[in-house]
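Line order of the protein sequences matches chains A and B. The opening residue of the first sequence carries number 36 in the numbering used here; numbering runs sequentially from there. The opening residue of the second sequence carries number 36 in the numbering used here; numbering runs sequentially from there.
It is possible that part of the hints are untrue.
All copies of an identical chain are treated as equivalent in the list; a pair is satisfied when it fits inside any one copy or across any two copies.
Straight-line distance between alpha carbons at most 30 Å, and here's what the computed DSS-like set of lysine-lysine pairs gives [what the hints assert, rightly or not]:
# : residue 1 : residue 2
1 : K170      : K125
2 : K187      : K39
3 : K187      : K170
4 : K125      : K39
5 : K187      : K249
6 : K170      : K131
7 : K242      : K39
8 : K242      : K187
Keep in mind that the hints were calculated from the coordinates and are not lab data. The structure presented is a predicted model; accordingly, all values stated were derived computationally and were not measured.
Protein chains: 2
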Amino acid sequence: MPYKLFYWPGIQGRGEFVRLALEAAGAPYVDVVRAGAAEPGGESASGMAAMLRYFEDDSVPRPPFACPFLVDGRQVIAQTAAILLHLAPKLGLVGKSEADRLWTHQIQLTIADMVAEAHDTHHPIAGSLYYEQQKAEALRRAQDFRRQRLPKFLQWFEAVLARNPRNLANDERRADGRALHLVGARLSYADLSLFQLVDGLLYAFPKATRRELKRAPHVAALHGQVRALPRVAAYLQSERRLAFNEDGIFRRYPELDG
Amino acid sequence: MPYKLFYWPGIQGRGEFVRLALEAAGAPYVDVVRAGAAEPGGESASGMAAMLRYFEDDSVPRPPFACPFLVDGRQVIAQTAAILLHLAPKLGLVGKSEADRLWTHQIQLTIADMVAEAHDTHHPIAGSLYYEQQKAEALRRAQDFRRQRLPKFLQWFEAVLARNPRNLANDERRADGRALHLVGARLSYADLSLFQLVDGLLYAFPKATRRELKRAPHVAALHGQVRALPRVAAYLQSERRLAFNEDGIFRRYPELDG
Chain A
36 MPYKLFYWPG IQGRGEFVRL ALEAAGAPYV DVVRAGAAEP GGESASGMAA MLRYFEDDSV
96 PRPPFACPFL VDGRQVIAQT AAILLHLAPK LGLVGKSEAD RLWTHQIQLT IADMVAEAHD
156 THHPIAGSLY YEQQKAEALR RAQDFRRQRL PKFLQWFEAV LARNPRNLAN DERRADGRAL
216 HLVGARLSYA DLSLFQLVDG LLYAFPKATR RELKRAPHVA ALHGQVRALP RVAAYLQSER
276 RLAFNEDGIF RRYPELDG
Chain B
36 MPYKLFYWPG IQGRGEFVRL ALEAAGAPYV DVVRAGAAEP GGESASGMAA MLRYFEDDSV
96 PRPPFACPFL VDGRQVIAQT AAILLHLAPK LGLVGKSEAD RLWTHQIQLT IADMVAEAHD
156 THHPIAGSLY YEQQKAEALR RAQDFRRQRL PKFLQWFEAV LARNPRNLAN DERRADGRAL
216 HLVGARLSYA DLSLFQLVDG LLYAFPKATR RELKRAPHVA ALHGQVRALP RVAAYLQSER
276 RLAFNEDGIF RRYPELDG
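With the rest of the complex left out, here is chain A (with noise of 0.2 Å):
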């Protein structure tokens, strides 16, 4: 039975990190709200309404708080990260230890906390609020975001990187083909979700991105590695990736960046 997918139809937002980790490892999923408004009668007629029944129905035993949730059999699972923490072993995408494990989480709630960060400089005062009812708070909360937190959190991820013993310096990596990756020395959702975090930044501030990239070059590597990798290049060309835009969570503002 395919994995069910719930989230916004127009939006990359959260879960693209769950897409990610579907696509990358080439299993079955239905992404439900756009697969309903590709019907006749739209999203409204069918994907909408079974995702809104999730949060409106009081005969939900364990209710999601907010999408993306994923249905696998009779489990509802919500938050980003737990989807990913109960998806990546099967899928193949997070080492067999323990150790790797929590390491692993551990890496993706701290994305989760620089997405959250992301959203919040182009909304510091409310998610019930326009952009345009809070600019003033956007323009202070994006400066210190480029200033201090963006350096801070991909330099972090940076020294994860450069200290993984099982990835090798610069110019043998070159010469081996071998590619980089935050845990041990295989393809796990954290390393597509730092894709998906880069991606996005370098979306929403292309400016402050790229200076703080070449201060973070195994980062930058990374983003390019498995942006290249089949299954995940397939993906990013095919229809099921929506553009990034200005209802997400990465909005290209210009007076944002700098």
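Guided by the hints, dock chain B onto chain A, whose structure is given.
Frame of chain A, contents of chain B only:
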């Protein structure tokens, strides 16, 4: 060997969620920075230096991004939810099934999201600035938090408690003496964390939180029940429990309540 917990010595902060789990289980642990602070020479001579080493020493293979972090033998684990995921099976603070463990973690991650939003009511622009430098923005963000986010989160926790089939109805429970739980029929770290979250909200936003708890009677009851657990009650009255203060996550600025 006792667990070693590393966290800032002057605030409850996110470290408190780990402390509560260790205390409620009666587990041996050293609160490293605070233990150092109690010795001659103070914190800088021992505990604080030990904590900072994990951030600054390039030879730490899997460095924490921030505290709290836990040292368990050779493992260094950061991210509050990841620490609890690791500790809970050892401490008997989570169910045995994978489904229960994942659901408990999902609740913890939602608690973590609300903790971050509670923090940002007084720091909506930057953690590196003082409250006074972002007070105008804080007034706006806190209003949205009180009106939109506080009710939404508390109603979700209320639904989780009300829909747990192992929780008896109010009258039956009183007659039976049995406690409420978020997951299954036993105390989990999510119960402890929800207690701490509500305790912090009652400190920071006493008016708004008391008002909302009237509409969330299960949440209010759980808060009271956890506080009365023998080990938790003993801990809360000990010197190990720091008081809430205006350096932590939950701060009482009356202008932000209402």
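Verification of the hints:
With identical chains, the CA atoms of K170 and K125 are never at most 30 Å apart, being 43 Å at best within one copy and 47 Å at best between copies. Proximity of K187 and K39 under a CA criterion of 30 Å is satisfied inter-copy only: 25 Å between copies versus 36 Å inside one chain copy. For the identical chains of this complex, K187 and K170 are neighbours both inside a copy (24 Å) and across copies (25 Å), given an alpha-carbon limit of 30 Å. For a Cα distance limit of 30 Å, the shortest separation of K125 from K39 inside one copy, 15 Å, qualifies, whereas the shortest one across copies, 33 Å, does not.
Taking the shortest alpha-carbon separations for K187 and K249, only the intra-copy value of 14 Å comes in at or below 30 Å, while the best inter-copy value is 42 Å. Neither within a single protomer nor between protomers do K170 and K131 lie at most 30 Å apart by alpha-carbon distance, with minima of 46 Å and 48 Å respectively. In this homomeric assembly, K242 and K39 never come within 30 Å of each other (Cα to Cα): the closest approach is 37 Å inside a single copy and 41 Å across copies. For the homomeric pair K242 and K187, the shortest alpha-carbon distance inside one copy (17 Å) is at most 30 Å, but the shortest distance between copies (37 Å) is not.
Checked against the numbered hints given earlier, this structure breaks hints 1, 6, 7; the rest are met.
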